[in-house]
Every structure is written in structure tokens, then in C-alpha cells.
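Visitor: Chains as they are written, first to last, in our numbering: chain B, 1 to 294; chain L, 295 to 589.
In case anyone wonders, no lab produced these hints; they're calculated from the structure.
Since this is a predicted model, take the numbers as computed values, not measurements.
For each residue, glycine too, the CB sits at the ideal point set by N, CA and C.
Hints are supplied without guarantee of correctness; some may be wrong.
[Claimed, not checked] Here chain L is said to cover these stretches of chain B; the calculated rule only asks that three of the stretch's residues, wherever they fall, bring their Cβ under 8 Å from a Cβ of chain L:
no.: 1; stretch: 135-146
no.: 2; stretch: 241-253
no.: 3; stretch: 258-268
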Amino acid sequence: MRAATGRVRRRLPVAVRSLLRSPTGTIGVVLVTLFVLAALFAPQIAPFDPNATNLRARQVPPAWVAGGGTQNLLGTDQLGRDILSRLIFGTRVALIVGLGGVMLTSLVGVTLGLLAGYFRGRTDAIISRSIDTLLSIPNVLLYLVALGVFGPSLAMLIIVIGLVNWTTFARVVRGEVIAVREREFVDAARSNGARSARVIFKHVLPSVSGPIMVVGTLNVATIIILEASLSFLGFGVQAPTVTWGRMLADGRDYLATAWWLATFPGITITLLGLGLLFLGDWLRDLLDPRLRGR
Amino acid sequence: MVPILLGVVTIIFVLLRLSGDPVRLYLPEDATHQQIAQVRSSLGLDRPIYVQYGIYIARLVKGDLGESIRYRNQDVAAIVMERLPATLELAGASLLVAILISLPLGTLAALNRNRLPDLLSSAVAMLGRAMPNFWVGIMLILFFGIRLEWFPVSGRNGIGSLVLPALTLGASMAALLMRLVRSGMLEVMSQDYVRTAKAKGLPWRTVVVKHGLRNALISYVTVLGLEVAGLMAGAVITEQVFAWPGIGRLAIQAISSLDMSIVQAVVILASVVVMVANLVVDLMYALIDPRVRYA
Chain B
1 MRAATGRVRR RLPVAVRSLL RSPTGTIGVV LVTLFVLAAL FAPQIAPFDP
51 NATNLRARQV PPAWVAGGGT QNLLGTDQLG RDILSRLIFG TRVALIVGLG
101 GVMLTSLVGV TLGLLAGYFR GRTDAIISRS IDTLLSIPNV LLYLVALGVF
151 GPSLAMLIIV IGLVNWTTFA RVVRGEVIAV REREFVDAAR SNGARSARVI
201 FKHVLPSVSG PIMVVGTLNV ATIIILEASL SFLGFGVQAP TVTWGRMLAD
251 GRDYLATAWW LATFPGITIT LLGLGLLFLG DWLRDLLDPR LRGR
Chain L
295 MVPILLGVVT IIFVLLRLSG DPVRLYLPED ATHQQIAQVR SSLGLDRPIY
345 VQYGIYIARL VKGDLGESIR YRNQDVAAIV MERLPATLEL AGASLLVAIL
395 ISLPLGTLAA LNRNRLPDLL SSAVAMLGRA MPNFWVGIML ILFFGIRLEW
445 FPVSGRNGIG SLVLPALTLG ASMAALLMRL VRSGMLEVMS QDYVRTAKAK
495 GLPWRTVVVK HGLRNALISY VTVLGLEVAG LMAGAVITEQ VFAWPGIGRL
545 AIQAISSLDM SIVQAVVILA SVVVMVANLV VDLMYALIDP RVRYA
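Let the sequences and hints guide you as you build the complete structure.
Guide: If you want it as C-alpha cells, here you go:
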């Protein structure tokens, strides 16, 4: 136990120093932190109730455009709801689905990847064929069918993403495990009589945790964009919960009269996406210097 | 290919049969038990699920995709096939856009490593990964459709209406492919045979295109094939943004009304397109890489 905390303490400054050397990594950490804070403290930060309509202030442009007021910094939508407040509250669904989705995805993907890579043979064949099958179906169709069938809700969204999206994790982990299982320390554990479960969890899993973290971080960005796409198509979390995707769908209908409806949610998603990608790239450099610059 | 296709069919079959009772959607609220039972048995929904599965597979093998509950008395295959050309047109044009952007820009980035063109291209690629693709489409509509009125904003009506959807879908692929061309070119351009080609005084263009690009293309074509699945998935969303009348839009309508036969047909067809694309890629290796041809 003490050894473990000691290791963390020695490692932390390395991470901080590496972060300071990487401008994009710093930007990533800052952006992601801001979004997490926005999600946590949405009711305190948001100037208005995200669902409060004001029919006398419909389609008010942003503050810096002629006709805009200082009350609604980013303007209002077709029902007079404050865009900024809706964006802040929308952060919640995006992050919950992003984090929940990536946790379930990695649970499924890492487990199957470990099994396939460690046992090889028939287990590997079955899991690899399943991956091939899932990859040959355009994934959006699978999500849509599943959500159409089971009904779109926050929980269902996360479950469906977890069950479809795991292939990336499984492939990466399988590849890493195949390389690791031939190493001496795994052989040593095995010849000491350790059971498979122990070898996998005590020896193999820790040595493939770096790639898992990198893939995980980058995957959060993918899932958040996916969630926005599904909401845009009408298969995301339903109203009155605010989602960026549905804000974009509304905005698509009012493009000719109110450009800001569709513009700001897109910029918001892009910023969060950039933050996560920067964070992921920095983590990769930190945890796996072999991959630097790829 | 056949086992994968069987897997695809099975996944969709199980998913759709878990959906509960599609019959109720197509009968009035006050339908009698007798009416419900009648419709159900006419659709074969009263048999055990493994029997339904067996019947379904047997029919599929004969080319019978079942009957749409919404488009009654119309052939499901015909309905889907009628929409397929629009999707293939969109996908093909997008692929072309992606290639036309990624090949020159990726090469340019590699030849100017760590200088402005390279940094710009990597910034654009990063943005391309972070931006939701359908939002790019919406912004294209806003600027080129509504502000400048250069192109129509929706529907499929002549070549002009193809420009914005193809740009949208193509740009998403181009970001990834551009980086791939860059890293491929960097690797190839440091090879001995490229140095030899330069040393013997070949024109710069010949060295870059014949010795460089052609060898860098091998991994490029692989990824191009893998990306076709992503392209079809992207088409579903892009079709919705631009009201493009392809199979993606058809699928979304069918999913909303739980019209299972149509959904199954679209998913199977989309997967077949992906598999055929991968087959084509395998064949293209022979064209690009003589080592495959002679092996």
C-alpha cells in the first residue's frame, strides 16, 4: 500500500512537468476542466432556466449583433429560451453519456480483448469474428435500430453505445495482450502456478492500462459527437432534458432567420472535442513515448 | 463474407424481435383480439422465434426480404433498391472529395515537414476530428446555401445539389486520410530508392509521384476500404441534414415506424456495400503493388 502511494507521488510531478511542456496538453486540461465545472455547477452558472420560454424575446440575436441585448449573451432560440443557459445545461448530458459510455464500452471491450488475446484459439476466433461483423454494419444504423426498438433514454443510450462501440478497445487490448503474454514476467507468473484469472488481472491488465487510458480519452470525444448526432436525428435523450444535438436540429430549421441557433452548439461540441483530443494526445505521449508524433 | 453476413442478419433479427409488438402500431387502438391475432399470424409473428428466424433465413436465401407493413403490397427489395443509387452517388462523390483533398494536401504536408503547410494541415485535421460532421454540413448550408445562394440547401436535384452533401461527408474522411498520406510519404521519402531516384537526376515530380506517392498509397488504400463503413454511417446523417433521398433517410423513417422489413433490408444492403468495398480494395492492391500480383 505504502509502495503504491509512493509510486504515485513520484509519478505526479513527471505528469505535471510534461503537461507544462505541452501547450496543447495544457489547453486540453483547461478546456475539459471548464466543461466539467459547467456541468457540475450548471444551475449556479447559467443566467436563466434553460427551459424558460419567453415568447416576447424570440430569436434575439447574440449581444454583439445589431438587435441583440446584453441579457442574452448568445441570443435566444425560437421559443425565447436563453442559448447560453441551454449550452451550459447541455454539458451535463454530453459528459454523462461520454463518461458512462466510455466506462461501459471499456468494460466490455477490455474484457473481450483480454480474453481473445490471452486465450487465443477458439475464444479469439469467436470474438474477432464478432468484431468483423459489427464493423461491417455502418454503426449509426445499429444505434438507431437499437434506440428505435428500446426507446431513447439516457440509460439506454449508454447501454447501446457500450454494446456497439467496444470494438476499438477490444482490438487495441487484444493486440497489446498478444505482445505482453509472451514476456518473461507473464511466463514466470504462469510457471509459479498462478491461475489464468490471476495472471490476467495481476500481470497482463496492468501492463496494458496505458493504451486503455489513451483510447478511452479519445473515445469520450467520439461518443460525445455520436450522442450529438443521435440527438440531432431525434434518437437521443428526450425533452425537456437539454441536449446539444437537439439544439442543432432546431437550429437547422431556423438557419435562414437565426444563424446563431445552430452555430453555437456546434462550436461548443468542437471545443469539448478538441479539449479531449488534446488531452488524449498528451496522455499518449506521457504513457507511451513509442507512439509520439503519430 | 457469408459468415459475416449471417452475423449481420442475426444481430438485426434479434434486435428487431426484441422490440415487442409491431402489430399494434398498424392497427387501430380498439382492434379486437381476433384482428390482432389475424395480422400476427399473417405476418408469421405467432410462431416461436427460432422458427421465425429459420423462415426468415430461408426466405432471404431465395431473395425474399419480406413485406413492408407501411408500403403494403410493394416489394421491399424494390423500395430499397430505388433509394440505393442516391446513397451510392453521395458516397462516391464524397470519396472523390476526400481523395482530392487528402492526396495533394497530405503530400504537401509531408514535403514541408514542420513548416507552415504541415502545421496548417495538422491543425485542420485536428479540427476535423473534433467537429461533428453534420454540423459542418449545417454551416455549409448557412454560408453557401443561404448567404451566398450558390447551391441548393436540400433535396436531390441535379449536380448542384450534390456539392454540399459531398463536401460535408468527404471533409470528414479527408481529415484522417490527409494525415495518413503525410505519414506514409514521410516514411517512403526517406527510403534508399527515393534517394537513388533523386541522385540519378530524375525530375522532382517523377520522384514524388512515381517513387513516393505510389508506394505511400498502399496503406492509404487499406484505410480507404476500412472507411467505407464510416462513409455509409456518415451518409445516414448527411442524408438527414440535406434531405437527400437515399437509404439512410429511408432507414430513419422505417426505424421510427418500426417497419422491420425495410430496416433489415437497408442494414443488410449497407453491410453488403461495405463488404464489397473491402473486396474491391483487396483487388486494388494488385494494381498498386506488383508484389501482390506476382506472388
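Visitor: Determine for every hint whether it applies to the structure shown.
Guide: For each hint, the structure was consulted:
no.	hint	in the structure
1	135-146	holds (count 11)
2	241-253	holds (count 3)
3	258-268	holds (count 5)
Going through the hint list in order, the structure satisfies each hint without exception.
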